[in-house]
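J.: Residues per chain, in single letters:
2 protein chains.
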Amino acid sequence: MSQSTTNEARFPPPGPAAELEEGGRLTPKFDAGGLVICVTTDAASGDVLMVAHMNAEALAKTVETGEAWYFSRSRRSLWRKGETSGHTQRVIEMRVDCDQDAVWIKVEQVSGACHTGRHSCFYRAVPLGQTGGAVKHEFRNERVFDPKAVYRDTK
Amino acid sequence: MSQSTTNEARFPPPGPAAELEEGGRLTPKFDAGGLVICVTTDAASGDVLMVAHMNAEALAKTVETGEAWYFSRSRRSLWRKGETSGHTQRVIEMRVDCDQDAVWIKVEQVSGACHTGRHSCFYRAVPLGQTGGAVKHEFRNERVFDPKAVYRDTK
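Going line by line, the protein sequences match chains A and B.
Here the first sequence is numbered in the working numbering, starting from 20 and rising by one per residue.
Here the second sequence is numbered in the working numbering, starting from 20 and rising by one per residue.
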């Protein structure tokens with residue numbers, strides 16, 4: 020049985036809204052590109068670490084292994100988080116939303132999630148109440164690793 | 020000056036990666052549909068309440084007013100959260116991610132965020148370690164309001 024057949028059996032096509040919202044089976048509503056959105060938070064602090072995408076294979080691997088797998092839209096490939104950097108994510112809990120086009124995973128993050136070296140990709144705050152003209156943001160988080168050192172061998 | 024001109028002035032087109040990641044201006048990387056992803060969390064508990072999208076107008080209104088505005092992909096229209104249900108979201112903090120194609124808002128949620136009546140749209144957990152066959156999930160959250168009563172006038 021091919022991998023795609025396996026994943027199709029695991030994730031049947033979504034049914035009507037009532038079944039999507041109140042049914043007991045995971046029937047993800049993949050978009051035209053075969054992806055669902057994944058929000059990843061730090062299980063301890065609750066901070067959002069990153070937003071990425073999963074295809075059926077990445078979702079299946081995450082459910083099976085308890086490690087975070089994603090699909091990289093820029094590289095068009097399956098991607099185990101931390102495979103280059105060592106900054107893996109152990110999944111503590113997975114949730115799915117009402118219409119099953121997004122999942123939320125709470126993880127234990129080794130070092131930082133962001134390729135820029137920060138713990139979270141959301142290291143800048145946008146002050147509210149700004150009206151008119153360019154919108155400024157402020158840096159809130161320091162680097163927890165040196166990206167030049169961590170990604171040295173892949174450049 | 021038209022609304023779209025106003026928003027273009029507020030959100031200049033994104034520059035190269037170094038500027039996107041380390042610059043001081045909000046230059047959102049809207050997708051082909053003119054949208055960025057928005058992750059909304061409960062400012063008190065850290066729970067992810069919902070995942071939605073914002074166009075330039077929704078983003079500008081959220082920054083200006085401190086209330087959450089979204090763009091509904093299904094209705095193709097700007098949408099102030101809670102305009103029908105009264106379940107508005109006051110934004111406590113806004114963050115933007117490294118490549119500026121996603122924002123994170125921490126909010127005070129009136130009642131529940133989900134149209135099914137739950138506080139969060141992510142009311143089902145997917146147990147990890149399931150291998151082979153259909154993937155089951157488990158309900159974790161009770162309703163905090165009756166959707167039939169709240170949306171009665173709009174059906």
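None of these hints come from the bench; they were simulated from the model.
This one's a predicted model, so the numbers in the text were calculated from it and none came from an experiment.
Errors might be hidden in some of the hints.
For identical chains, the list gives no copy identity; a pair is met inside one copy or between any two copies.
Calculated lysine-lysine pairs in the PhoX-like style (CA-CA distance at most 20 Å, straight line) [said to hold, decoys possible]:
{"id": "1", "residue 1": "Lys167", "residue 2": "Lys48"}
{"id": "2", "residue 1": "Lys167", "residue 2": "Lys80"}
{"id": "3", "residue 1": "Lys48", "residue 2": "Lys80"}
{"id": "4", "residue 1": "Lys155", "residue 2": "Lys167"}
{"id": "5", "residue 1": "Lys155", "residue 2": "Lys48"}
{"id": "6", "residue 1": "Lys155", "residue 2": "Lys80"}
J.: Would you mind marking each hint as holding or not holding in the structure?
T.: Going down the list of hints, with the structure as the test:
1. In the homo-oligomer, the alpha carbons of Lys167 and Lys48 never lie at most 20 Å apart, since the shortest distance is 38 Å inside one protomer and 24 Å across protomers.
2. Neither within a single protomer nor between protomers do Lys167 and Lys80 lie at most 20 Å apart by alpha-carbon distance, with minima of 29 Å and 38 Å respectively.
3. For the identical chains of this complex, Lys48 and Lys80 are intra-copy neighbours only, at 17 Å inside a copy versus 29 Å across copies, given an alpha-carbon limit of 20 Å.
4. When the C-alpha separation of Lys155 and Lys167 is checked against a cutoff of 20 Å, the pair qualifies neither within a copy, at 27 Å, nor between copies, at 42 Å.
5. Proximity of Lys155 to Lys48 under the C-alpha cut-off of 20 Å is restricted to the inter-copy arrangement: shortest distance 15 Å between copies versus 36 Å within a copy.
6. Taking the shortest Cα distances, Lys155 and Lys80 sit within 20 Å of each other only across copies (15 Å), while inside one copy they are farther apart (39 Å).
Of the hints listed earlier, those the structure fails to meet are numbers 1, 2, 4, in rising order.
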